[in-house]
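Chains as they are written, first to last, in the numbering used here: chain C, 1 to 294; chain Y, 1 to 416; chain E, 1 to 334.
Everything labelled a hint here was simulated from the structure, so no lab data went into it. Please note that a few of the clues may not be correct.
[Claimed, not checked] Pair ranges (Cβ atoms, derived):
{"id": "1", "chain 1": "Y", "residue 1": "Ala-208", "chain 2": "C", "residue 2": "Ser-262", "range": "21 to 31 Å"}
{"id": "2", "chain 1": "E", "residue 1": "Asp-191", "chain 2": "C", "residue 2": "Arg-88", "range": "24 to 34 Å"}
{"id": "3", "chain 1": "C", "residue 1": "Val-138", "chain 2": "Y", "residue 2": "Lys-315", "range": "47 to 57 Å"}
{"id": "4", "chain 1": "E", "residue 1": "Asp-191", "chain 2": "C", "residue 2": "Val-138", "range": "49 to 59 Å"}
{"id": "5", "chain 1": "C", "residue 1": "Ala-180", "chain 2": "E", "residue 2": "Ser-164", "range": "51 to 61 Å"}
{"id": "6", "chain 1": "E", "residue 1": "Trp-87", "chain 2": "C", "residue 2": "Lys-189", "range": "51 to 61 Å"}
{"id": "7", "chain 1": "E", "residue 1": "Ala-290", "chain 2": "C", "residue 2": "Lys-189", "range": "20 to 30 Å"}
{"id": "8", "chain 1": "E", "residue 1": "Leu-98", "chain 2": "C", "residue 2": "Gly-91", "range": "33 to 43 Å"}
{"id": "9", "chain 1": "C", "residue 1": "Met-115", "chain 2": "Y", "residue 2": "His-150", "range": "54 to 64 Å"}
[To be verified] Residues on chain E that point at chain C, a partial pick, calculated with CB under 8 Å:
{"id": "10", "residue": "Val-117"}
{"id": "11", "residue": "Leu-183"}
{"id": "12", "residue": "Met-299"}
In this text, a Cβ means the ideal position worked out from N, Cα and C, and glycines have one as well.
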Amino acid sequence: MSGSALTYAIVDGVLTGSVYALMATGLTLIFGVMDIINIAQGIFVVLGAYLSYAIQLHWGIDPFVGLLITIPTLFVVGIVVERGFMSRLKGPEKTAMSILVTYAVSLLIEGSLNMIFSVNDVQINAWYVNRSFKLFGVYFAYIYVFGFILAVVLLTALWVLLYRTRFGASVRASLADQTAAALIGINVKRVATICFGIGTAVTAAGGMVFGATNAFNASSSYDLISRLLTIIVLGGMGSLGGALVASIGMVMLEDVVGVVWSPIWSTMTFFIVLVIVLSLRPQGLFGKQLARTA
Amino acid sequence: MKRMSTVRVLAATTVAAASLITMAATSTAGASSGGLAKGAPVNIGISLSLSGDFSADGQAFQRGYQLWAKEQNAHGGLLGHKINLIIKSDASSPTQVVTNYQDLISQDHVQLVFGPFSSLLTVPAGQTAERYGYAMVEGAGGAPSVFQAHLKNVFDVSLPVANDLMPFATWISSLPKGQRPTSAYYVTSNDPFTEPQLPVAQKIMSKAGIKSLGFTVFPAEVTDYTSIADKVAAAKAQVVVLGSVDVPTVSAFMQAFEQAHYNPKAFIATAGPDQGAAFLTAVGAKNANGIMVPNAWYGGSANPLSKAMVAAYIKQYGGTPADINSDVAEAYSVGEVMTQAVEATHGFNNAKILAYLHSGKVLSSVQGPVKFNNLGENVDPTAFTFQWQGTKFVQVNPVGDPNSVKVIYPKPAWKS
Amino acid sequence: MRHWSRAAWALGLAALALFPVVVTNPAYTTIGVFTLIYMACATSWNMFSGYTGYIALGSAVSYGVGAYTMALVSIHANMAPGASMFWLVPLGGLLATLVALPIGAIALRVRRHTFVVITIAIFFVFQLTAINVGFTGSTSGLILPFISWNESYYNLPFYYVGLSLVIFATILSAVVRRSRFGLQMLAIRDDEDRALGLGVRTTAVKLTGFALAQFTIGMAGALYAMFVGQIFPQFVFDPLFDVSIALMAFLGGLGTLVGPLLGALILESFQQWLTLSFSNSSLYLILFGALFLVVILFMPQGIVVFVRDRVTRRSAREKAAVAAAETTLAGSGA
Chain C
1 MSGSALTYAI VDGVLTGSVY ALMATGLTLI FGVMDIINIA QGIFVVLGAY
51 LSYAIQLHWG IDPFVGLLIT IPTLFVVGIV VERGFMSRLK GPEKTAMSIL
101 VTYAVSLLIE GSLNMIFSVN DVQINAWYVN RSFKLFGVYF AYIYVFGFIL
151 AVVLLTALWV LLYRTRFGAS VRASLADQTA AALIGINVKR VATICFGIGT
201 AVTAAGGMVF GATNAFNASS SYDLISRLLT IIVLGGMGSL GGALVASIGM
251 VMLEDVVGVV WSPIWSTMTF FIVLVIVLSL RPQGLFGKQL ARTA
Chain Y
1 MKRMSTVRVL AATTVAAASL ITMAATSTAG ASSGGLAKGA PVNIGISLSL
51 SGDFSADGQA FQRGYQLWAK EQNAHGGLLG HKINLIIKSD ASSPTQVVTN
101 YQDLISQDHV QLVFGPFSSL LTVPAGQTAE RYGYAMVEGA GGAPSVFQAH
151 LKNVFDVSLP VANDLMPFAT WISSLPKGQR PTSAYYVTSN DPFTEPQLPV
201 AQKIMSKAGI KSLGFTVFPA EVTDYTSIAD KVAAAKAQVV VLGSVDVPTV
251 SAFMQAFEQA HYNPKAFIAT AGPDQGAAFL TAVGAKNANG IMVPNAWYGG
301 SANPLSKAMV AAYIKQYGGT PADINSDVAE AYSVGEVMTQ AVEATHGFNN
351 AKILAYLHSG KVLSSVQGPV KFNNLGENVD PTAFTFQWQG TKFVQVNPVG
401 DPNSVKVIYP KPAWKS
Chain E
1 MRHWSRAAWA LGLAALALFP VVVTNPAYTT IGVFTLIYMA CATSWNMFSG
51 YTGYIALGSA VSYGVGAYTM ALVSIHANMA PGASMFWLVP LGGLLATLVA
101 LPIGAIALRV RRHTFVVITI AIFFVFQLTA INVGFTGSTS GLILPFISWN
151 ESYYNLPFYY VGLSLVIFAT ILSAVVRRSR FGLQMLAIRD DEDRALGLGV
201 RTTAVKLTGF ALAQFTIGMA GALYAMFVGQ IFPQFVFDPL FDVSIALMAF
251 LGGLGTLVGP LLGALILESF QQWLTLSFSN SSLYLILFGA LFLVVILFMP
301 QGIVVFVRDR VTRRSAREKA AVAAAETTLA GSGA
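Okay, chain C solo, but in the shape it has when bound (with noise of 0.2 Å):
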C-alpha cells in the first residue's frame, strides 16, 4: 500500500464527494420542507446528464454553458412535477405515499429515456474530461477540479439564498416547522414549490459532471438514488450542512477502505457506519431532533 494511493484517495472523496454533496442537498432541501422523500432524484440526475449529452452532440455547446440551459429546464420539471403530483399528498400517510409516486415518476422518465436515448452507455466528452495537471506531484483531473468548484459555486449561491434573503428566511421557517411558518404568514405551499424546483434543478449540474466521469444510462438511476438517500439520512434528513459533510465522509470512506482494505467491503463499511450512527444517534449526525414520533 504507498501513500501516494491514499493521497488519490483522500483527494477523489472530496473533489466528487463535493458534486454528490450538490445532489443530496436538493434531496435533503426537499424533504425538510415539504416532508417528501424524492426516489425520483436519481432519474433526474440522469436526466440532468442526458441534457448536457444531447445539447453537446446537436448543438456543440459546452456542457458547462449548457448550464445556462439545463439548470432552468430541471427547474421547471420540478415545478411540473411538485404542482401535478406532489401537492396533492396529504396525511399522516404523506411521506410514505411520497415515496410510490416520486418511485413512479422515476419509472416514467426511465422508460422516456429509454426510448429516446436507447439503452446503450454513453458518456459526456469534452478537452478537460480526461486531462489533468500536476499540483504538489498529484495529478488533478480537470473535470474533477472543474465539478468541485461548480460545486463550491452552486452550493455558496444556495447558502447565499437560504441565509441572506427574505425567501431564504421562509425556506427556514418552514424548514424549523412548517406548522408555525403558515401561522405567521409564510405561503408554505409556494415555498414548497419552489424548493422541489431548486432541488430539482441542482441535479442538472450534478448530473452533467456524473455524465462527464461515469459513462451511463437511464439504469444507472438506481445506484445514484440509494447512495443520495443513504446520505442525506447520515447527515440527518433535512440538514444541508450535514448533506455536505456526510457526501465527502461517504465518499472518502469508501475509498480509503477501497485502497486500504479492499474494493469489496467499502460499500459494507459504510452501511454498517449507517447503522451504527443511526442506532446511537437516530436522528443522524446533524439532524434535529424529531420532537413528534410519526
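Chain C is fixed; fit chains Y and E onto it per the hints.
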C-alpha cells in the same frame, strides 16, 4: 353497514379477478412434435433482456438472431419452412425468463428455443426447456457456473470463458527478455464471467517472471471506479489485466489512467472493447488505440461464413466490420448450429436434435468450429486476442496464426 | 352479515384453488406461483408494518435467508431432488425469524423514519455479504438439485404450497388482528407515546410482531429458490422486493386484511403480464409508471378503502334519494 360493504367489495373483486385471469388464459399446453405442416412457418422462441441491466447486450443479441433468420430465410428457411422468431423480453429477471420460455413453448407452440443473454439467466431458462425436452442452444452463457448445473440440454456455441486470456498471457510471456514487461496488475469485477479468467493469466505470467503487483476485486454494482483505478495507476505496473463486463467499466479505468498520466505497456480488458462502435463512442476513437480484448470472433475474421455475415450486417445496419458487436456473432452462431442440427435430423424433433448435438460432430459457425462435450461446452474453438489499432479492430494473437497481425506494443500514449 | 363475509372468503379461496385446474398453461400457472408468493409476503409484511405503522424496507433479508437455507441445505445434505425438499420451506421460515430477532433489536431502537432507513442499510449489509463471501457461491450463485418433473405438472405442487402459505399468512394475520397483541400494535400505530403511557410494552410488542412477520417471508423465499432452481445474491436479496410488497399493501389498503392480498394479486399478475405482452420496448415501464401514478393519486388509501367509501356513499345517497322520493310521493298522495 360498513362491514357489509367490505364484504361486497371483497366478493365482487374476487369474482372479477378470478374470471379475468380465467379469460386471459384459455389454451392448454402441448409439446410440439417433430412434424410441421407443409408451408407452415417454423417458430423459434427466445427470451432476451431488452431492458434492465443486460439490455445493451440483449439488443445486440436480438440483431444477431434477426440477421441469421433473415439470411436463412433468403436461402429457403429451415427445411423449406420460413423462420419466424418470437422474441420476448425478460427485463434481465430470472422469474420472467422462466415465464417467458413456458409461454413460448406451451402457448406459442414454438418448435425450437434459443438461449437468453447472460450466464445469470441461462440456468433457469435451460431447466425450463429441459422439463419440456427442448434443446437450448445458446451463445452467452459460458461461465463455469452454467456448466456446473449439469443440464443435458444446454449447448454453448461460444468459447468457455475461463481460458479466454490464455493467448494473451502466452504471448506476453514469450516476449524476449528486453521487451517482456516486469510487472502486472490484475483487477476484476466480482462477476461469474470475469473472475475465473484472471487467475489463469496470472499463473502463466508469473511463471515467466512477470511480477504481480496486486490482485484487486471490486464489487460489480460499483458506479464510481475512480479510486480503484487510481490505486491501480499508483502501482505503475507495466501490464494491466482488467476483468470487466461492460463498456462503462473500461471507459472509467481508461479515463482515470489518463488523468493520472499512467500508460501501461499493455492493457487488456475481458469485455467492453469487443463492443464495436459502442466502445468507440464511449471512450473516443483515438484513445482506443492499443487496447486489447480476448474473444473468439471479430468483424475482420477470415472465416468465409463470418465474411458473409459481416457483409449482410453492414448491408442492413451500415457501418464498418469493426463496429459490429461480438454478441451479434454469438447469436448468429446459435442459429447456424441449430440449422445444421435440424438439417441433419430432417425435422424439428428436439429429442433427435439433442442426440445429434451430443454426438460430438464438428459443426461450423461464424465463430469457427463447434464441438460439444457432454456438458454442452464448446471444446473446439480457439481463443484469440484482438486489438484496436487506430479505428481498426484486428486479430493479434495467437502469434503465428495466418490472420494475426503485428501487435502494437508498447501501447501508444493516450490521445483524447 | 357474518356468513356473507365467510362466503366471500370461501369463494376467493375456491377461485384460487381451482385456477390451475381451469388454466393449464404453465406460463400462467407460473405467474400464479409468483403471485401467491407475493400475496403471502405482502400479507405478512402488512401484519407488522401495516398494523404498527413501522414501514420496513428490509424484508428481502428474510426472503434471502429463506432462499439460501433451501439452497444450502438441499445441496449439502445431498437431498434427492423432489417433493422432500418442501420440508425445508418451514426451516427457511424459522431461520428467517431467528435472524430477524437481532436485526429487530437494533432497528427498533429508533422511530419510524429512521427505522425505514436502518432496515434498508441492514438489507444492504446482508446483500453485500452474500455477494462477497464464499459459502453463498458469491456472484456465481447456487444451483439447487434439479427437479426433473414434467413441465405439464411441474408448477402444481409449488402452486398449492404457495397457496398454503397465503392461507397461513392470512389466518395468522387475522388472529393477530383480533388478539390483545394486535390491538397493542394498532395502538402503537395511532400514538406510540400514549400506548407506552398506557402500559403497552412497545419494544417487546414491536419486536415480536417484526420477527413473526418474517416467518412467512422466509418460507416464501425458500419456496422461490426451490421453484427457480438457481439463486443469485442480487435476485434473492433484491431491493425492489420490498418496494413491491410495500406497494402491494398500499395499493390494496394498508392495515386491512384483504388489501395486501388484493394488491399483490393485481400488481404481480399485471406486471408479469405487462412484461410478457409489451416487452419489446420500454413502453411497459411507462405504462406501469403511469398506471401506478393514477392509482396512488386517486386512491391514496388503497383500493379496499376507496371502493368501500364509494359503496357506502352511494348507498347513503340512494337511501337519501329513496327517502326524498317517499316524501314527495307521500306529499303528492296526500
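Out of the numbered hints, which ones does the structure contradict?
9, 11 and 12
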